[in-house]
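Number of protein chains: 4
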Amino acid sequence: MGRLLLRCADRPGLVAAISSFLTGAGANIVSLDQHSTEQTGGTFMQRTIFHLPGLTAAREELEREFRERVAEPFEMDFRLTEAAKPKRVALMASREDHCLLDLLWRNRRGELDMSVVMVISNHPDLAEQVRAFGVPYIYVPATRDNRAEAEQRLLELLRGNVDLVVLARYMQILTPEFLDAIGCPLINIHHSFLPAFIGAAPYRRAKERGVKLVGATAHYVTGDLDEGPIIEQDVVRVDHRHAVEDLARLGSDVERVVLSRAVLWHCEDRVIRFGNQTVVF
Amino acid sequence: MGRLLLRCADRPGLVAAISSFLTGAGANIVSLDQHSTEQTGGTFMQRTIFHLPGLTAAREELEREFRERVAEPFEMDFRLTEAAKPKRVALMASREDHCLLDLLWRNRRGELDMSVVMVISNHPDLAEQVRAFGVPYIYVPATRDNRAEAEQRLLELLRGNVDLVVLARYMQILTPEFLDAIGCPLINIHHSFLPAFIGAAPYRRAKERGVKLVGATAHYVTGDLDEGPIIEQDVVRVDHRHAVEDLARLGSDVERVVLSRAVLWHCEDRVIRFGNQTVVF
Amino acid sequence: MGRLLLRCADRPGLVAAISSFLTGAGANIVSLDQHSTEQTGGTFMQRTIFHLPGLTAAREELEREFRERVAEPFEMDFRLTEAAKPKRVALMASREDHCLLDLLWRNRRGELDMSVVMVISNHPDLAEQVRAFGVPYIYVPATRDNRAEAEQRLLELLRGNVDLVVLARYMQILTPEFLDAIGCPLINIHHSFLPAFIGAAPYRRAKERGVKLVGATAHYVTGDLDEGPIIEQDVVRVDHRHAVEDLARLGSDVERVVLSRAVLWHCEDRVIRFGNQTVVF
Amino acid sequence: MGRLLLRCADRPGLVAAISSFLTGAGANIVSLDQHSTEQTGGTFMQRTIFHLPGLTAAREELEREFRERVAEPFEMDFRLTEAAKPKRVALMASREDHCLLDLLWRNRRGELDMSVVMVISNHPDLAEQVRAFGVPYIYVPATRDNRAEAEQRLLELLRGNVDLVVLARYMQILTPEFLDAIGCPLINIHHSFLPAFIGAAPYRRAKERGVKLVGATAHYVTGDLDEGPIIEQDVVRVDHRHAVEDLARLGSDVERVVLSRAVLWHCEDRVIRFGNQTVVF
Chain A
1 MGRLLLRCAD RPGLVAAISS FLTGAGANIV SLDQHSTEQT GGTFMQRTIF
51 HLPGLTAARE ELEREFRERV AEPFEMDFRL TEAAKPKRVA LMASREDHCL
101 LDLLWRNRRG ELDMSVVMVI SNHPDLAEQV RAFGVPYIYV PATRDNRAEA
151 EQRLLELLRG NVDLVVLARY MQILTPEFLD AIGCPLINIH HSFLPAFIGA
201 APYRRAKERG VKLVGATAHY VTGDLDEGPI IEQDVVRVDH RHAVEDLARL
251 GSDVERVVLS RAVLWHCEDR VIRFGNQTVV F
Chain B
1 MGRLLLRCAD RPGLVAAISS FLTGAGANIV SLDQHSTEQT GGTFMQRTIF
51 HLPGLTAARE ELEREFRERV AEPFEMDFRL TEAAKPKRVA LMASREDHCL
101 LDLLWRNRRG ELDMSVVMVI SNHPDLAEQV RAFGVPYIYV PATRDNRAEA
151 EQRLLELLRG NVDLVVLARY MQILTPEFLD AIGCPLINIH HSFLPAFIGA
201 APYRRAKERG VKLVGATAHY VTGDLDEGPI IEQDVVRVDH RHAVEDLARL
251 GSDVERVVLS RAVLWHCEDR VIRFGNQTVV F
Chain C
1 MGRLLLRCAD RPGLVAAISS FLTGAGANIV SLDQHSTEQT GGTFMQRTIF
51 HLPGLTAARE ELEREFRERV AEPFEMDFRL TEAAKPKRVA LMASREDHCL
101 LDLLWRNRRG ELDMSVVMVI SNHPDLAEQV RAFGVPYIYV PATRDNRAEA
151 EQRLLELLRG NVDLVVLARY MQILTPEFLD AIGCPLINIH HSFLPAFIGA
201 APYRRAKERG VKLVGATAHY VTGDLDEGPI IEQDVVRVDH RHAVEDLARL
251 GSDVERVVLS RAVLWHCEDR VIRFGNQTVV F
Chain D
1 MGRLLLRCAD RPGLVAAISS FLTGAGANIV SLDQHSTEQT GGTFMQRTIF
51 HLPGLTAARE ELEREFRERV AEPFEMDFRL TEAAKPKRVA LMASREDHCL
101 LDLLWRNRRG ELDMSVVMVI SNHPDLAEQV RAFGVPYIYV PATRDNRAEA
151 EQRLLELLRG NVDLVVLARY MQILTPEFLD AIGCPLINIH HSFLPAFIGA
201 APYRRAKERG VKLVGATAHY VTGDLDEGPI IEQDVVRVDH RHAVEDLARL
251 GSDVERVVLS RAVLWHCEDR VIRFGNQTVV F
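Residue numbers (UniProt numbering), protein chains in the order written: chain A, 1 to 281; chain B, 1 to 281; chain C, 1 to 281; chain D, 1 to 281.
Calculated from the structure, these hints are not laboratory results.
For glycine and all other residues, C-beta sits at the position ideal for the given N, C-alpha and C.
There may be inaccurate statements among the hints.
Which residues of chain A face chain B? A few of them, derived with a C-beta cut under 8 Å, are [claimed, not checked]: (1) Gly13; (2) Ala16; (3) Ser20; (4) Thr23; (5) Asn28; (6) Leu32; (7) Gln34; (8) Ser36; (9) Gln39; (10) Val236; (11) Val238; (12) His240; (13) Val244.
My request is simple: use the sequences and hints to build the entire structure.
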């Protein structure tokens, strides 16, 4: 099973051109989603799942032909992946265990289509629990004071080794230099309904503002704190009887569900970034 | 703008065949959704929105050619409609006004893509409120005792005149004979989360069972009471402080939202029936 | 039926003192809710519903005795109201009809415990629809340029005549001077999940930010724009297929539900303000 | 901190009598919730949290006095517990791990106010994962054929040793004889929105019926399968693209949240049973 994701300026004939190419190559289209940002003149995005016997052997050739015959004429960005090759993923966390353990547990159940190659933390606390899942736990101390050094160490571990980094409540800031150098997307979970309560201590600030719902947001990481493209959000109802600790407890259930959906969708190649937004097919 | 809905046995080449036909006919595919019920060997369903200048004039010819060159070879059921031609809709209600007035009000705002040609009720109560929307209100008394006569009267009013009948809390049973004769689909709103609380007095029974959520279900009407294909459902939280009247009050908000979504989706040709289920694109 | 709302510094014996007073006065406590902001040393709030035959005649005396024997010794703020006396309410709107008509319609159904004494708008558009409910519609032109004059006119209409003003999508800013002079609370509906998208054009900004849920917030009006105590909030899911107009359409369903809940709760004396927060019993 | 739960026929003076008793005994009422099923003549239920120094030593005496001076005169059922004494809980499961591990994990985090004294399963599969939490895992084979013997073994393990049994996806039926003999309440999680899809294979039947939401229900166990008093329910949206396995995956997130809330509320003495319903304060 192959997955073809693409993005280009919209114009007539795109769906037919892509479908004909795939059918001509012997592929059967299993599923097709597309979206145009405007009635005319916008951006066109499409995700196609197709069945093609012998895809692994034929893939390079297929990719080359698609580029020449479709992608270049239509000036497309595209990505061709194989469903059978799960993404290699690194999870990063600090002290909070709920998002991290939930992802490991879902992956053990087979819910997420990924291979967790390592867990990195700036605290040693969760080593035993992580290793019980058969996953390496690497402790990389990181504070404000050793940021450059810590990021250097992270790059050595991650660059080239993973297709995705998931910040599962990793509480250190990553520099734009690090994000430029890492060479793969990062997904972060923020414990508020963005753009409300950007930055530190969102549950405390939610309590102070007296909101009636608290939420969580999974987004791609960009150089701007909590400003990257949102993949998924959800909320839970709270009331005056809930203290800040209750908000954190109720919110942590939302965090782990929201993050796991975002990671699943990314690993299934369902997400296309577009400006500072996402399309999730 | 044209809309092409179709359903057939799944097999390779369907998307390409349809896309090529439309592109060849000079149409630009604006949006395309498709779904297969199984990886292989299931039922294939597709909704395509396309732009074709001069569609109204060309439609019959287009339909004939699509039938010959695509639909018949692939043994498809299909429907070709024009977005510019809103569905002709009859609304039927008894005494409860919330669903009826909500649909009229949304339609006046331009939220629903339909033309309400008449409102029929078995009670005279709501005549004034309905006529304020500029819609004819026709009172057709209906009880257990005059069912055949009443249905005869309804058929005279509806058959050939409408593309859709919406039962917006119409509390009389319609016979299978009527449903066979009417010649268009009917959408009903049931005031429970089906299949829970099929039949009469669902809010009272919900209170007695002590459920923590009450809901509503919009479904196509079939000969089996409350058993037709579900189009949309939603729920709202309740607790022990709510009496049956509160459940009815809270539930009526869900009813009108759920029914309006179902009517909108039907009028936009988003719904394909499949066995006793629906696909909503 | 009487309603006693109160707020004071927490200390032992409060519930017993209040209960004993009411029981001693011949009242039967029908319902009692209380909340303390801290385990000890916080603020105590309580809402008590009681049955007392002949309450209307006895009320002044009861209020005086409660003040002397309970409220003053415990330094309480309190409010004693009769359920049989519905609040006198003015609704204010601009051009959008959904919140305004929804409140009028719910009130006609008997869902809201209020008497709508007038509707005020800075546009003449909705006069006919409002008057169909048997409610006076008063057109008070208001723009940036005539603000002082318009507010003067509003004060003449409202001061002393209403117990509550509901801003049901009234799009003019009200000055702190007006809020000081009005002498009754105001409830506003803001079309975002506050504190996200404070200010103008929240749906457009929500689309630009790419959020996956849009919401609405009902809050008491204070001098700080969109910063007053929140009474109720809710959200609805959206996705990339929704344009700004769809967000506005979906959001308007949330707006009217959220505002109607807030108005109902206020009219039932369920809301106690506390700092910039609310307790809703 | 003490918790007083009670239920009796409603009549004037109840709140005052209870409040005065507690205040007279030197207790400070921290929180009080009450509910009457009818305006007059219904059932009265109340939950009071109070602070009383030296409660553990004084408890027997307090209980005796409350019985004599309040409970017997008013014919109350009541329960007096200490917050400092967590409930002793047994968890039972079959092969599915999600509810079981979630409860163990939440308890380790300190979210649930309980002491898990044992896990019992009719399968050996989850032993290692459970024991990693420091909790005994006891394998009691149970099938249709050895039911009497298995239940005898369960009674030996449970009777007198636990205050609550949680069926966290335990897939064997328990006989009315067992339920009579166990001497403590049992909470079950059913993987549907009851009363829809009572009995086996609810996700498969939900798919067949084409519902648009799937849910889960936590309820007390009675002799009637899936008919006991409901404590909590919730739902999640699904659509035509979800296969039965997806419904099970999405539903399992709802199951674990719903069950954990029900267990938390029971352990905090928030739930009062009343007929076949519950009041959750």
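What are the numbers of the hints the structure violates, in ascending order?
Structure breaks hints 10, 11, 12, 13.
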